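Residue numbers (our numbering), protein chains in the order written: chain A, 1 to 285; chain B, 1 to 285; chain C, 1 to 285; chain D, 1 to 285; chain E, 1 to 285; chain F, 1 to 285.
Among the hints, a few may not be true.
One copy or two, it doesn't matter: identical chains are merged, so the pair holds either way.
The calculated lysine-lysine pairs, modelled on BS3-like cross-linking and capped at a C-alpha distance of 30 Å, are [to be verified]:
1. K75 <-> K135
2. K78 <-> K196
3. K135 <-> K42
4. K196 <-> K74
5. K78 <-> K67
6. K213 <-> K233
Calculated from the structure, these hints are not laboratory results.
It should be emphasised that the depicted structure is a prediction, and the values quoted were computed from it without experimental measurement.
Number of protein chains: 6
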Amino acid sequence: MQISNSDRAKVLVQALPYIQTHAGKTVVVKYGGSAMVDEVLKDAVMCDIVLMQLVGIRVVLVHGGGKEIDAMLKKVGKQSRFVDGMRCTDRETIDIVQMVLAGKVNKDLVQLLERHSGRAVGLCGLDDGMLRAEKLAAPEDLGYVGEITAVNPAPLNNATQNGYVPIVAPLAGGEHGEVYNINADVAAARIAAELKAEKLILMTDVRGLLRDKDDENTLIPVVNASEVPKLQKQGIITGGMIPKVDCCVDAVRRGVGRAHIIDGRIPHSILIELFSDEGIGTMFY
Amino acid sequence: MQISNSDRAKVLVQALPYIQTHAGKTVVVKYGGSAMVDEVLKDAVMCDIVLMQLVGIRVVLVHGGGKEIDAMLKKVGKQSRFVDGMRCTDRETIDIVQMVLAGKVNKDLVQLLERHSGRAVGLCGLDDGMLRAEKLAAPEDLGYVGEITAVNPAPLNNATQNGYVPIVAPLAGGEHGEVYNINADVAAARIAAELKAEKLILMTDVRGLLRDKDDENTLIPVVNASEVPKLQKQGIITGGMIPKVDCCVDAVRRGVGRAHIIDGRIPHSILIELFSDEGIGTMFY
Amino acid sequence: MQISNSDRAKVLVQALPYIQTHAGKTVVVKYGGSAMVDEVLKDAVMCDIVLMQLVGIRVVLVHGGGKEIDAMLKKVGKQSRFVDGMRCTDRETIDIVQMVLAGKVNKDLVQLLERHSGRAVGLCGLDDGMLRAEKLAAPEDLGYVGEITAVNPAPLNNATQNGYVPIVAPLAGGEHGEVYNINADVAAARIAAELKAEKLILMTDVRGLLRDKDDENTLIPVVNASEVPKLQKQGIITGGMIPKVDCCVDAVRRGVGRAHIIDGRIPHSILIELFSDEGIGTMFY
Amino acid sequence: MQISNSDRAKVLVQALPYIQTHAGKTVVVKYGGSAMVDEVLKDAVMCDIVLMQLVGIRVVLVHGGGKEIDAMLKKVGKQSRFVDGMRCTDRETIDIVQMVLAGKVNKDLVQLLERHSGRAVGLCGLDDGMLRAEKLAAPEDLGYVGEITAVNPAPLNNATQNGYVPIVAPLAGGEHGEVYNINADVAAARIAAELKAEKLILMTDVRGLLRDKDDENTLIPVVNASEVPKLQKQGIITGGMIPKVDCCVDAVRRGVGRAHIIDGRIPHSILIELFSDEGIGTMFY
Amino acid sequence: MQISNSDRAKVLVQALPYIQTHAGKTVVVKYGGSAMVDEVLKDAVMCDIVLMQLVGIRVVLVHGGGKEIDAMLKKVGKQSRFVDGMRCTDRETIDIVQMVLAGKVNKDLVQLLERHSGRAVGLCGLDDGMLRAEKLAAPEDLGYVGEITAVNPAPLNNATQNGYVPIVAPLAGGEHGEVYNINADVAAARIAAELKAEKLILMTDVRGLLRDKDDENTLIPVVNASEVPKLQKQGIITGGMIPKVDCCVDAVRRGVGRAHIIDGRIPHSILIELFSDEGIGTMFY
Amino acid sequence: MQISNSDRAKVLVQALPYIQTHAGKTVVVKYGGSAMVDEVLKDAVMCDIVLMQLVGIRVVLVHGGGKEIDAMLKKVGKQSRFVDGMRCTDRETIDIVQMVLAGKVNKDLVQLLERHSGRAVGLCGLDDGMLRAEKLAAPEDLGYVGEITAVNPAPLNNATQNGYVPIVAPLAGGEHGEVYNINADVAAARIAAELKAEKLILMTDVRGLLRDKDDENTLIPVVNASEVPKLQKQGIITGGMIPKVDCCVDAVRRGVGRAHIIDGRIPHSILIELFSDEGIGTMFY
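With the rest of the complex left out, here is chain A:
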């Protein structure tokens, strides 16, 4: 790379006020989409997280794993039915989901972060009863798809105080020992709220909220939570964007400083969001 030493120094110095602002604060990142598939993007995210940790930010990473679940279900010859984008989850499926999320995706991320010199522990909502859930109320029976009823922040606080990035698989325990699959965006939002996080960052495969969903140049950079109903009425928030925006609004309402929908396809999008003036994606406050 041909960046001069002088330019390097300038970049570091210009990042300074952002680092000062975020030091000691908590940032919850929902990690998913392309950024979890593409090897280059994966490395970039790991670097971003290690850097955040080094400058004193308490990072919590919540991950999804839809593709890995699909692959495993396929392997055992099982096909999922989806209702409104949610997987109907029978007993056999939830077992596979748990195995893939908490056993494979989660621990692989732990190892990957360690290989970038980060320090991580892999947890799921079952550890120290971190996430409690009940069956999601829905018109159609979705099986073991859960709705969070309580969040215990103790295992996350213990992890960050011991210098770890807690990496969280979005599973939750039910009252009778059953396990529920939880939407990763929702889990991240609720955890962010419980930890009184400064920021919730949802990594997606879109630029952010677009005024015209087919034109990436129509990005809406900043949304006040109170404008959301109007934007929904105008048809600007639609489809898969609805639950993501709901998570952001819910988090902000519960005391999270700011919530962001950012484009995980751009390398180092988290760093750009945190340490530059322009920001990236759409911010809800």
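Starting from the structure of chain A, add chains B, C, D, E and F where the hints point.
Only chains B, C, D, E and F this time, still in chain A's reference frame:
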């Protein structure tokens, strides 16, 4: 039950000196065999662990999961070849092993212990680089079967200091980001050594070391580590007993106070070992 | 004893939820009556206290010593006059009382508990000004019989935090440097209130509160503090029971969780009360 | 008093270097003789101790009580036989000794110090097994007169760390639960050694070690421990001085900085020793 | 000096209750006038401060330096104009003021205290932004004469917690990086208020507030803050006394326990004020 | 600036391993030359220091101030004579030096760093007796030019532990209360040694050590301390470079990891040295 209040009190009082002896010490339990399958035995083990934790013992639980791995491999249509009792583990197999151990068995145990009012976190050897391994040297290539090269006790100490029972799936990370399957007895022994544990307890499906392996009345209750070679020569330590005895001897040599092979088929065998005069199974010192 | 190992384990496990409930809480025991005279009972009480301490209960022991005081007074040729069950206490008598309680009974108990592997310090109400008193208002002059005006919990908290069972002789200091004899039940009740104890346990030589004081089968197991006036009117609470019940009611009113009158003649009555379902004696709440 | 404010200030300022020297150090005082009888002297000693505590000295007070024991023995019609200045102590006598020392003298001192705004707890050698003893080897059977075999400093350190002056009655526990009477000078010397005290101060009723025991002007202000045998041979150390000097020498040998025999009949002799240039009495180093 | 040992002891003992009262409290001393010029007085003040520190008082010393500033200004050939007793302070003058106060007077005092075995650090209002100021509003432009807008107690608390006496030069930082000269009495008063000090002591060259300013025998020893307006109307508080009294009243109003105007010409006037009954100078409450 | 967000992120990520290496370590910077004069360079240095502090480096800044001293001496009409580059320092001169260094340069730097959101306290060698010195042995009498005899790291450690950058003026106290001027390079080197710093950085107005002092392209990037005598013999280390190189060698010999002579005229030269591969200037190890 018809135990009188007076007898109850006597039992508690007679347990007193044992509790005093063990309080504040570390006990590493390898959990496996029937005790992991039978529901009544499982509940009994959970009770034992919660009680140990309550009277001030630092408990670390290392578990196996051979049966669950077999079931899952079968589900995906894969058959394992065994060499000297060890599973040949190709890339696809180690993925399944990781999923089952770290994702299913491990987190199910966490949840089960929590339901008995214990507090647990589910870890594996990848968390904070707890277990490092290299490929096991063997006459035949066994694939991702590993030999431990280093143990990082930090995540275990953090867990016990925060009041958790760490439950450990015996996986380890390799130098190049690969994952190794580790024998659970060996993992428990090495962890016990690293933590300078007072006791290592291996739960098995036999009474202990028998002078005549077909006669349960020939139990050898106590073995000095130095007698082991002679016992092996005499044919008393044979077959599956050899690696278990090796683990015990290795642990004792590395500074663990005592190592025990106990009969997990007896309910509350851990409590009986810890809190009574007679002990149970075979003790190595 | 012919209790099987299996039964022993069951007893320990069944004690588990009670241990969990009481761990970290404070229990104040008034120790007196037969349990302070009979050697077998004394040993049993010491065991009970050490066990409580081991499972994380903060125990405070307040003792009486009427018999030892009588013996010593007799030795120096002095006879006590009693008014309403209270000893008229002149200057010479209070000196003897102080010597016997704080010097003999108290320190002997400290030594006895240490011999059962407990750790204790012997305090009286004069240490760090723990108990302040003024002359008890009474129709007839009782001399140095005092009424507590203030409790300083510091020496008790320091003792329990350092891992000791504080054993307390019920003496109190007056404004002008004089010393008062304090009823041990009352001292225990006030100390329990000051420490926001979970439980106050008064060891007596009766089964508890009996509906018919001549029939031990008429035990009233549970009494709501508000029912006491009625029970008194009905003649069920009479004689020596009146001040004991008053202590219990006073303690409960001042914030103690529960107050118990138990039968100290039954070995391990404290353990039975704490660690079994049935309880023993009469509980006030 | 006609000391001017200016002189008062000078006195305080001249005490400064001594205060700086002693702050944070431990001083063990054996309290006895006239200073424990005369009311004016008693008040003066209490003031001295409170002042020491305030300027950051850790004070431990070990007291005797021969006169009070004599009075009580007389009251119960018991006469002591003395052999070489030591009281033959049968079972009945040791009970009286314990009562008087640990119950009366000790707790009265606690109360007296509190009335001078000091903070104290009254302990004896039985508390937390502070002093262990066996029967003193002697040509004639002296009964329960003990020789210290071990000192547990924990209860003393706990007391001073919590801001208390521990006041110690010189009793010790034997192997079989018996109690021994310990010479207070010896107890103070052994405690000082165990606490690595800066100073041991023995309050006596003489000026110090005199070259001519009938002439108070022949005080020997400083003695090197190694000179003691010669002084003894010369007949300068004789009679009751022998055991006191032995205590001082023993303390110094065991690591105590300096040991002093001072004249308790002079008011504030401790302060004069600690905070002035001239010192007072005889110092052993 | 001919003060007897016995009198020395009495003085120490009589200081006891005062020491007990002040231990652990904060005392802010404005140091100035003759006490900063006369070598004997300077030594006396240093002794007083070290003694205060030793008996557990947290001391903060704020100093002036008018004479040293005058001398330096003269050296560089600059003359100050004074308006209402305040120096018109142009850019060149404030530089000299800063150099002399923070560089010379301050660090010389640090060294002097160290030579009396005290431990000190020399700070000014610029350190950790301790004092913030804006230009003093005045009829005439006084240049860099400031009015405190905020006090940051962190550097003072860090210093006292680390065992130092912070010695403070009364300079303050402005919003645009400019430096202001602050009246030392005012700085001391505001710092005392921010630290919730027990006492503010202003050392002056007068006896205190005099009913007749020409007669030192008319000292008013105690003034209630509410009486001040009346005293001012009566012409008792006039001239240079007005701002000093205002500082005292302001400090008391902001929560300082007591404020004192004392005569720094009397050696050890601080000690006399703190540790004797009579006090010295005028106390405001 | 036209650096793209993507490039910014890359720069941050590439700085990561350097940040990881230095976090928690101590770096002592000697600040002087052009970097203390040019406003742009001054701002750049302040940014560098704040950034270092933020990523967890403990920074200590030692400054010179020759130009400011010259200016002030000129103002008071005093001329300095120099011997071997060292200023002959009479009593009047050392007073000016102290005022300028500790009062003006030092506190101005504190304020400047605070304005860049850093947190600093301004100390000199007199604070808590940080630097002790005696008169420098020299052929000609140089007056108050000192040689360091002892370094007390306490005030520096207290400052860094409380989150401050200690900024140090190179003055030292003598045995008799006199003050010495210390060469800033030497002070920095000795402080670095005492703190077991990872790095000593001397900011100069040259590129580093040049093989041909007239050709900046002949920079020697790395020098082993043992090669220095040879380089000196070869005439490569000459003139003003000699004492600087001696400081580096001395620091390395006393345990400092690495010592650097860097070019302070290049903006952000410290950052470039710390956070890039190439380094800058000459490194001694």
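Hints and how they fare:
Taking the shortest Cα distances, K75 and K135 sit within 30 Å of each other both inside one copy (27 Å) and across copies (27 Å). In this assembly of identical chains, K78 and K196 lie within 30 Å of each other by CA distance neither inside one copy nor across copies; the values are 40 Å within and 47 Å between. In this assembly of identical chains, the alpha carbons of K135 and K42 lie at most 30 Å apart only when taken from different copies (27 Å versus 33 Å within one copy). Proximity of K196 to K74 under the C-alpha cut-off of 30 Å is found in neither arrangement, the shortest distances being 39 Å within a copy and 45 Å between copies.
In this homomeric assembly, K78 and K67 come within 30 Å of each other (Cα to Cα) both inside a single copy, at 14 Å, and across copies, at 21 Å. In this assembly of identical chains, K213 and K233 lie within 30 Å of each other by CA distance solely inside one copy; the values are 15 Å within and 74 Å between copies.
Hints 2 and 4, counting from the list given before, are not met by this structure.
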